[in-house]
Amino acid sequence: MFADVDVFISNYTLVDPEVYQLWVDGCSSSEAVTALNQRGVIQQTGATLELVASDVLDHYRTYSLLERLLHNPPKLAEQLAFQIEPQTRRLLIEKYYEFDGAVIRELLGKKLSSRHRKDLDEVSEKTCVLLKSCRRQFDNVKRVFKVVEDMQGSVVQNIKTNFLLPEELARRYGAVVFIACIKFETSKKKLQYLTFPDFYHCAQSIMASWTYVDNGSPEYDDTELDREFLLDLRELRILLDKEKEHKHLVCQKLKPQLLERSYQELDSNFRSYTRALVGLACNLHRSRELRSLFLELVERCLEPWRQVSWSHTDLRNFLSSYYQCALEMDVLREADLKNSWERYMTVITSCLLRMYHA
Amino acid sequence: MKRNSLTGSDRSSVMGGHLRQGPAVVRPSMNQESLDMMEYPFLTMSKYPPGFIMHLGGTVSSRSVKLLERITNLEEPETRDAWWTEIRMEVRSHARALGCNVVLGYSENTSICDDVCVLSASGTAAVINLQFSTNVEQDTSGQHLVSRVHMHNKELMTTSLDRTDFEREKTTPQKGDFTLPFMQGSKVRHLSDGYELDPVSTCSVCHIPYSECSVPFRVTMLKCAICRRGKVPDVLFTTIELPEGVSTTGKGCFLQAYVCRPKRDCRGELNAKEISDGLPFLEYELHRLLINKLKVKGMNSIFGLKVQVSIGEKMLVGLATGTAVYLTPLPMPPVPKVSADNTWADDKKLTEIQKLLQDTVKKNREVYQLKPLIELEFQSNGRIPASDTEESDDELPDLDLATGNKDTCVLEVDDAEDVDVISLLIDPHPPEGFYVVNTETVPGLDDQEIVKNLQMFTQVWRAKIPTGQPTSVFSKHFHRLLQSVYFKLRRMVPCALCDLQFGVELPEPDELQISVLGMALGLGEPERPSSKLKKKTVVSSTSKEAIKKADECELIFNLDEDHVAPENPAAAPLQVQLGCPRPHSPLRIKIPQSKPHHTPPRERYGVDMTPLSYVPGGKIERYLGNLNFFFIRESTCIREGGGLSGFVHSFVTEVLAIVRAHVTALGGNAMVAYFMSECVLYHNPHKNQGQCLINVGGDVVYVSYYSED
Numbered sequence: 001m002f003a004d005v006d007v008f009i010s011n012y013t014l015v016d017p018e019v020y021q022l023w024v025d026g027c028s029s030s031e032a033v034t035a036l037n038q039r040g041v042i043q044q045t046g047a048t049l050e051l052v053a054s055d056v057l058d059h060y061r062t063y064s065l066l067e068r069l070l071h072n073p074p075k076l077a078e079q080l081a082f083q084i085e086p087q088t089r090r091l092l093i094e095k096y097y098e099f100d101g102a103v104i105r106e107l108l109g110k111k112l113s114s115r116h117r118k119d120l121d122e123v124s125e126k127t128c129v130l131l132k133s134c135r136r137q138f139d140n141v142k143r144v145f146k147v148v149e150d151m152q153g154s155v156v157q158n159i160k161t162n163f164l165l166p167e168e169l170a171r172r173y174g175a176v177v178f179i180a181c182i183k184f185e186t187s188k189k190k191l192q193y194l195t196f197p198d199f200y201h202c203a204q205s206i207m208a209s210w211t212y213v214d215n216g217s218p219e220y221d222d223t224e225l226d227r228e229f230l231l232d233l234r235e236l237r238i239l240l241d242k243e244k245e246h247k248h249l250v251c252q253k254l255k256p257q258l259l260e261r262s263y264q265e266l267d268s269n270f271r272s273y274t275r276a277l278v279g280l281a282c283n284l285h286r287s288r289e290l291r292s293l294f295l296e297l298v299e300r301c302l303e304p305w306r307q308v309s310w311s312h313t314d315l316r317n318f319l320s321s322y323y324q325c326a327l328e329m330d331v332l333r334e335a336d337l338k339n340s341w342e343r344y345m346t347v348i349t350s351c352l353l354r355m356y357h358a
Numbered sequence: 001m002k003r004n005s006l007t008g009s010d011r012s013s014v015m016g017g018h019l020r021q022g023p024a025v026v027r028p029s030m031n032q033e034s035l036d037m038m039e040y041p042f043l044t045m046s047k048y049p050p051g052f053i054m055h056l057g058g059t060v061s062s063r064s065v066k067l068l069e070r071i072t073n074l075e076e077p078e079t080r081d082a083w084w085t086e087i088r089m090e091v092r093s094h095a096r097a098l099g100c101n102v103v104l105g106y107s108e109n110t111s112i113c114d115d116v117c118v119l120s121a122s123g124t125a126a127v128i129n130l131q132f133s134t135n136v137e138q139d140t141s142g143q144h145l146v147s148r149v150h151m152h153n154k155e156l157m158t159t160s161l162d163r164t165d166f167e168r169e170k171t172t173p174q175k176g177d178f179t180l181p182f183m184q185g186s187k188v189r190h191l192s193d194g195y196e197l198d199p200v201s202t203c204s205v206c207h208i209p210y211s212e213c214s215v216p217f218r219v220t221m222l223k224c225a226i227c228r229r230g231k232v233p234d235v236l237f238t239t240i241e242l243p244e245g246v247s248t249t250g251k252g253c254f255l256q257a258y259v260c261r262p263k264r265d266c267r268g269e270l271n272a273k274e275i276s277d278g279l280p281f282l283e284y285e286l287h288r289l290l291i292n293k294l295k296v297k298g299m300n301s302i303f304g305l306k307v308q309v310s311i312g313e314k315m316l317v318g319l320a321t322g323t324a325v326y327l328t329p330l331p332m333p334p335v336p337k338v339s340a341d342n343t344w345a346d347d348k349k350l351t352e353i354q355k356l357l358q359d360t361v362k363k364n365r366e367v368y369q370l371k372p373l374i375e376l377e378f379q380s381n382g383r384i385p386a387s388d389t390e391e392s393d394d395e396l397p398d399l400d401l402a403t404g405n406k407d408t409c410v411l412e413v414d415d416a417e418d419v420d421v422i423s424l425l426i427d428p429h430p431p432e433g434f435y436v437v438n439t440e441t442v443p444g445l446d447d448q449e450i451v452k453n454l455q456m457f458t459q460v461w462r463a464k465i466p467t468g469q470p471t472s473v474f475s476k477h478f479h480r481l482l483q484s485v486y487f488k489l490r491r492m493v494p495c496a497l498c499d500l501q502f503g504v505e506l507p508e509p510d511e512l513q514i515s516v517l518g519m520a521l522g523l524g525e526p527e528r529p530s531s532k533l534k535k536k537t538v539v540s541s542t543s544k545e546a547i548k549k550a551d552e553c554e555l556i557f558n559l560d561e562d563h564v565a566p567e568n569p570a571a572a573p574l575q576v577q578l579g580c581p582r583p584h585s586p587l588r589i590k591i592p593q594s595k596p597h598h599t600p601p602r603e604r605y606g607v608d609m610t611p612l613s614y615v616p617g618g619k620i621e622r623y624l625g626n627l628n629f630f631f632i633r634e635s636t637c638i639r640e641g642g643g644l645s646g647f648v649h650s651f652v653t654e655v656l657a658i659v660r661a662h663v664t665a666l667g668g669n670a671m672v673a674y675f676m677s678e679c680v681l682y683h684n685p686h687k688n689q690g691q692c693l694i695n696v697g698g699d700v701v702y703v704s705y706y707s708e709d
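Those protein sequence lines, which keep their order, are chains A and B.
Quick note: the first sequence, position 290, residue 290 per the UniProt record's numbering, numbers continuous.
Quick note: the second sequence, position 135, residue 135 per the UniProt record's numbering, numbers continuous.
Hints are all accurate, no fakes.
Each computed SDA-like pair below joins lysine to any residue, with the alpha-carbon atoms no more than 25 Å apart:
{"id": "1", "chain 1": "B", "residue 1": "K464", "chain 2": "B", "residue 2": "V680"}
{"id": "2", "chain 1": "B", "residue 1": "K464", "chain 2": "A", "residue 2": "T48"}
{"id": "3", "chain 1": "B", "residue 1": "K363", "chain 2": "A", "residue 2": "Q43"}
{"id": "4", "chain 1": "B", "residue 1": "K476", "chain 2": "A", "residue 2": "L51"}
{"id": "5", "chain 1": "B", "residue 1": "K464", "chain 2": "A", "residue 2": "D4"}
{"id": "6", "chain 1": "B", "residue 1": "K464", "chain 2": "A", "residue 2": "S29"}
{"id": "7", "chain 1": "A", "residue 1": "K95", "chain 2": "B", "residue 2": "T653"}
{"id": "8", "chain 1": "A", "residue 1": "K126", "chain 2": "A", "residue 2": "E98"}
Restraint ranges, calculated between C-beta atoms of paired labels, are given here:
{"id": "9", "chain 1": "B", "residue 1": "E269", "chain 2": "A", "residue 2": "E85", "range": "51 to 57 Å"}
{"id": "10", "chain 1": "B", "residue 1": "S704", "chain 2": "A", "residue 2": "L80", "range": "20 to 26 Å"}
{"id": "11", "chain 1": "A", "residue 1": "E85", "chain 2": "B", "residue 2": "G667", "range": "18 to 24 Å"}
{"id": "12", "chain 1": "B", "residue 1": "S423", "chain 2": "A", "residue 2": "E85", "range": "39 to 45 Å"}
{"id": "13", "chain 1": "A", "residue 1": "E67", "chain 2": "B", "residue 2": "F281", "range": "50 to 56 Å"}
{"id": "14", "chain 1": "B", "residue 1": "H479", "chain 2": "A", "residue 2": "K110", "range": "50 to 56 Å"}
{"id": "15", "chain 1": "A", "residue 1": "T45", "chain 2": "B", "residue 2": "Y623", "range": "37 to 43 Å"}
{"id": "16", "chain 1": "A", "residue 1": "E85", "chain 2": "B", "residue 2": "E39", "range": "45 to 51 Å"}
{"id": "17", "chain 1": "A", "residue 1": "T48", "chain 2": "B", "residue 2": "I658", "range": "30 to 36 Å"}
{"id": "18", "chain 1": "A", "residue 1": "K111", "chain 2": "B", "residue 2": "R602", "range": "47 to 53 Å"}
No lab work stands behind these hints: they were computed from the structure.
Beta carbons are placed, not taken as given, at the ideal position from N, Cα and C, and that holds for glycine.
Use the sequences and the hints to build the structure in full.
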């Protein structure tokens, strides 16, 4: 029999983690009932399917009433309509703002406009995430971006205070915001193999080393790159002039660690590798070059290495010696230049190692 | 329920037995003094300090059907006053007929359909101790014959209503624990008081307040199973909470009966007559169902009984809810016996039904740990102890509890519908870890204790039901509602569902609306001294309880009759302990220390709301006022807002939010005695419109929670 009214309301808002997850995942109420049934709720509790359905509908009604408040998490604590215990509130927010790397990977580099929101069915198809969930993730990213975009101070901290997210989740959003702020190129075909965790890793290391240093001033902003540093990187061109010396040092250091064939290859190709790495550094002050950082890294560095099938260890050894040997050279004796080289190479090494996979 | 032709003439005879000393016995003088000043000696409270209630007479009620049309001037309230006066006078006379001086747990309500109104009033007729609060000074100064009963009373003086209020205002800290012993609902039984001071007090409440011989028709009266002196009825229905100190056996459980009676759809006076003619049958049927269900449960009394009559255009609905309890002084109810006349040829079917009933009763006795006193004694001593009173000889046959009085519960099976009725008597048990009652505490919950509030919940259900269906279809809906509460709260076990309040309405000719309000309470380990804990491991508390009683009987036994072989009084209880088999309850076995249990709260987030009068684990520091709200919400976009369910859901959510805000505004952090007395919903699907009226309220309080120790 179909009931006209069937509601259950409690003084403290009841949140069933399982049903909430299904709701967040974008399941319709009937899909949720099917899912719960498949997980054996009926066998475990002896309830009828009708009871499970009524329970799910109750929860779904509550969640849809709560959704408006979830758009502004601090409001959730202030509002009086729902009495939600703090641990339940944390669960609500955390799960609502949780995102799938695959979905966010698709959104990276795209303009967060309503035009793109319409194209989310493609994303949904590709990632096998329900459209509703894609929309939620899209809206969440857009909302977070809009709020913290022009805010001063640490982006992660801003996200934490404005959305009450846990550290790890806030960092993930921070990376997304950072990539969007710099407008890094991420969607070119050659970059398709990179996952969200790859970009997250790279964005993290760039934010840690290339943005303005947190000196306590309110103007400090880690979504902007340190202009002076990028300009200083031009000075590294000097390394190209001393290419022979650099090559000698590197080859000497790596000889015991490399196979003969690889050594031969390095010996003949060192010039093009160092030109790629140093050339990239010299051009980073141009914003167009900066935006295509990842593409440059793939095209000019990773692809040649892949062609000669370097192992991951080979790459690590090379990058570390390449960096170390430059420091030993007279041309980098100047502290400022040395410092720039360190800052540059830490990030590049970290990014290249992360991105060097199939 | 409706006992209207009893005459209580000879009052002193019943009393004589156990209140020998003290002026408390002289009742006529008390009547003149205070009770006569009250036009209606009605008390609406349902909980009283121990010793206040002396005898319970039973539930008294009165109903009347009125035509609202008749009132020419709606602003003039006199007519309606007269209606209520009539009803109250009837209730009063019922109580007096039962030899009682007050009506406790009194309530009034109405059900209106078109221009016909049914007014109802009910309560529990009782004899209260009028010396309780007024004669203290006199007692302490003048009396040199201070009986034990009096000492008991004097001690209780501090708990009397006027005094408590007084002392609470002065806030004497050392009195804090003492003044409100009956507010700490978690402890139903104080083993120390009652037993030691007045050994009979655990049963005297159940003794009939009128003389047996004055009853004009055959009523089953038996000797009290504890003291063997007073007379007790075979069943007792009351609207109040289980009084503290009354001895019970096993656990209590929720009991519900519903009757749906079709009626002709007519208007005005005809309609009123139709309802008026149907009501007695409805009430009779409801009563019969209650009695039979109670017997199937294996219990003999109902507390917190609420009967609601709702009138609709095409049907009358009666709903009775209560908490079934096995009162130790009362006899064990016999297993209902099925009979059929010759038209019912299928003998085999009949035997099957009888077996089903027997098995159910057996199962219930196991689940609720119902072991009659006499059986315990028998097992411990190997003999049935002889009764101690003078008339003991002719009493013995009556004590044969399992076989006697079959005529009171014969279920006639004459057609298929009756078979249906029998299946109605058998309710499913709540799932493991749930204890369900409609009183404020769970009677007989010994191995666990209510330690904290979990959730107050409200459920509203409404659906179209085709008219003219048998009651069994009807009961399905009630079961379903309870099932959904169990399902929703399944992660909260072990938990007690207390103060379940049901409301039935018939808003449209073919629509039924049921609302449920209740409180989920967390159960935890009871806090007891270690010595008692040790004892607990040997003997389950139910049997311990019984042992105490057995012990008492032994005591009386020894005093009165000399020829009994001298037993070492210290060893006697031990013997009983050893001989007493542990109740084979699945519930008890499954609750070792390792099982999940709740712990008392350190604090509570936000505003706690509860229909109960107490907050477990907390202490009500201040009462900050009463709130009573009527809210009306109208919507012209029902479909867009998630349908009628969505409309009601968001409205009730908001109503709770507003009430919580008012509680906070008054400086409170909780609301006790929360109620939702009205939930009227109108709906016009064609216009996409809906209106809802809700009446809620309660008492704003400030609660402090105990810290670490």
